[in-house]
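Engineer: Listed below are the residues making up each chain.
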Amino acid sequence: GENVEQHPSTLSVQEGDSAVIKCTYSDSASNYFPWYKQELGKGPQLIIDIRSNVGEKKDQRIAVTLNKTAKHFSLHITETQPEDSAVYFCAASNRNTGGFKTIFGAGTRLFVKA
Amino acid sequence: DVKVTQSSRYLVKRTGEKVFLECVQDMDHENMFWYRQDPGLGLRLIYFSYDVKMKEKGDIPEGYSVSREKKERFSLILESASTNQTSMYLCASKPGGNGAYEQYFGPGTRLTVT
Chain U
1 GENVEQHPST
11 LSVQEGDSAV
21 IKCTYSDSAS
31 NYFPWYKQEL
41 GKGPQLIIDI
51 RSNVGEKKDQ
61 RIAVTLNKTA
71 KHFSLHITET
81 QPEDSAVYFC
91 AASNRNTGGF
101 KTIFGAGTRL
111 FVKA
Chain X
115 DVKVTQSSRY
125 LVKRTGEKVF
135 LECVQDMDHE
145 NMFWYRQDPG
155 LGLRLIYFSY
165 DVKMKEKGDI
175 PEGYSVSREK
185 KERFSLILES
195 ASTNQTSMYL
205 CASKPGGNGA
215 YEQYFGPGTR
225 LTVT
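Chains U and X are the protein sequences, given in the same order.
Residue numbering for the first sequence follows the numbering used here, starting at 1 and increasing by one per position.
Residue numbering for the second sequence follows the numbering used here, starting at 115 and increasing by one per position.
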């Protein structure tokens, strides 16, 4: 079946450094790629998303890049802060299913050391 | 402000019990989802609903059923709980329309079956 692979599973960085999380998807019909952040004791919350007609999107310290040919997309967090510590999930959604079936990656636990 | 609430944060049940997990959203969203979250596996879709009384199986529906009698409420039912259903359960909702959009998640219910 369709899947999304996410790496690394755990990432530890020093405060102020950058963090990069990478995902690969298998379904070429995927057209929507959200990133969710899950803090301890909370449900996932969207932090940024990108659609297949765009190669890059930025929102302050967070950016996402998409390479449709290689079926790769990545999350970049610059100037990391302790409050960025959380689990991050990438996901891919297929327009043919009306966006109902979103496939999630396994998650990356990010630790930002002060 | 968007809100998805789940009836319990923590639940402990015995093997063979019938378990009800309730989810309510106040955003008038047409679509609602139930996921289970397990370490290393990300979020996996159990069932979703695109309208009142309508439901569709997700990737792992075995051992579960759902009910949607009102637009704002989506219930997950474990007919006869088993230990392998010990997990974190997340409810989500998203707007209607044939497209891919952000999902709004509840805080989750951590279910333990003993």
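Just so you know, the hints here were simulated from the structure itself, not pulled from any lab data.
C-beta: ideal position from N, C-alpha, C; glycine also.
Among the hints, erroneous ones may be present.
Unchecked claim - Calculated lysine-lysine pairs in the DSS-like style (CA-CA distance at most 30 Å, straight line): (1) U:Lys113 / U:Lys68; (2) X:Lys184 / X:Lys127; (3) U:Lys57 / X:Lys127; (4) U:Lys68 / X:Lys171.
To be verified - Here are a few chain X residues that sit away from chain U, every Cβ distance over 12 Å (derived from the structure): (5) Arg123; (6) Arg128; (7) Asn145; (8) Asp152; (9) Leu155; (10) Gly172; (11) Arg224.
Stated by the list, open to error - DEER-style ranges, computed between Cβ atoms: (12) U:Leu40 / X:Asp165: 18 to 26 Å; (13) X:Glu170 / U:Gln45: 42 to 50 Å; (14) U:Leu46 / X:Lys185: 19 to 27 Å; (15) U:Asp17 / X:Ser194: 47 to 55 Å; (16) U:Lys57 / X:Glu131: 29 to 37 Å; (17) U:Asp17 / X:Lys184: 45 to 53 Å; (18) X:Asp165 / U:Asp17: 44 to 52 Å; (19) U:Lys68 / X:Val126: 39 to 47 Å; (20) X:Pro153 / U:Lys113: 31 to 39 Å; (21) X:Arg224 / U:Lys58: 31 to 39 Å; (22) U:Asn67 / X:Lys167: 35 to 43 Å; (23) U:Ser12 / X:Arg128: 33 to 41 Å; (24) X:Gly177 / U:His7: 43 to 51 Å.
Engineer: Measuring from beta carbon to beta carbon, are Arg224 of chain X and Lys58 of chain U in 31 to 39 Å?
Structural biologist: 35 Å, holds
Engineer: Can you confirm whether the C-alpha distance between Lys57 of chain U and Lys127 of chain X stays at or below 30 Å?
Structural biologist: Violated: Lys57 of chain U and Lys127 of chain X sit about 45 Å apart, past 30 Å.
Engineer: Looking at Arg128 of chain X again, its CB stays over 12 Å from all of chain U?
Structural biologist: The claim stands: Arg128 of chain X keeps its Cβ more than 12 Å from every Cβ of chain U (closest is about 25 Å).
Engineer: Please verify whether Lys113 of chain U and Lys68 of chain U have alpha carbons no more than 30 Å apart.
Structural biologist: 33 Å, violated
Engineer: For the pair supplied as a hint, Lys68 of chain U and Lys171 of chain X, is the alpha-carbon distance within the 30 Å limit?
Structural biologist: 29 Å, holds
Engineer: Would Gly172 of chain X pass as off the interface with chain U, using Cβ distances and a cut of 12 Å?
Structural biologist: 7 Å, violated
Engineer: CB of Leu46 of chain U to CB of Lys185 of chain X, is that within 19 to 27 Å?
Structural biologist: 22 Å, holds
Engineer: Given a hint of 43 to 51 Å, does the C-beta separation of Gly177 of chain X and His7 of chain U actually sit inside it?
Structural biologist: 31 Å, violated
Engineer: Can you tell me whether the CB distance of Pro153 of chain X to Lys113 of chain U sits inside 31 to 39 Å?
Structural biologist: This hint is violated: roughly 22 Å between Cβ atoms.
Engineer: With respect to the beta-carbon atoms only, verify the hint that Leu40 of chain U and Asp165 of chain X lie 18 to 26 Å apart.
Structural biologist: 34 Å, violated
Engineer: Could you see if the CB distance from Asn67 of chain U to Lys167 of chain X stays within 35 to 43 Å?
Structural biologist: Once the Cβ atoms are compared, 42 Å apart, the range 35 to 43 Å for Lys167 of chain X and Asn67 of chain U holds.
Engineer: Could you say whether the range 39 to 47 Å given as a hint is met by the Cβ separation of Lys68 of chain U and Val126 of chain X?
Structural biologist: Between Lys68 of chain U and Val126 of chain X, where Cβ atoms are some 46 Å apart, the hint holds.
Checked against the numbered hints above, the structure breaks hints 1, 3, 5, 7, 8, 9, 10, 11, 12, 13, 16, 20 and 24 and satisfies the rest.
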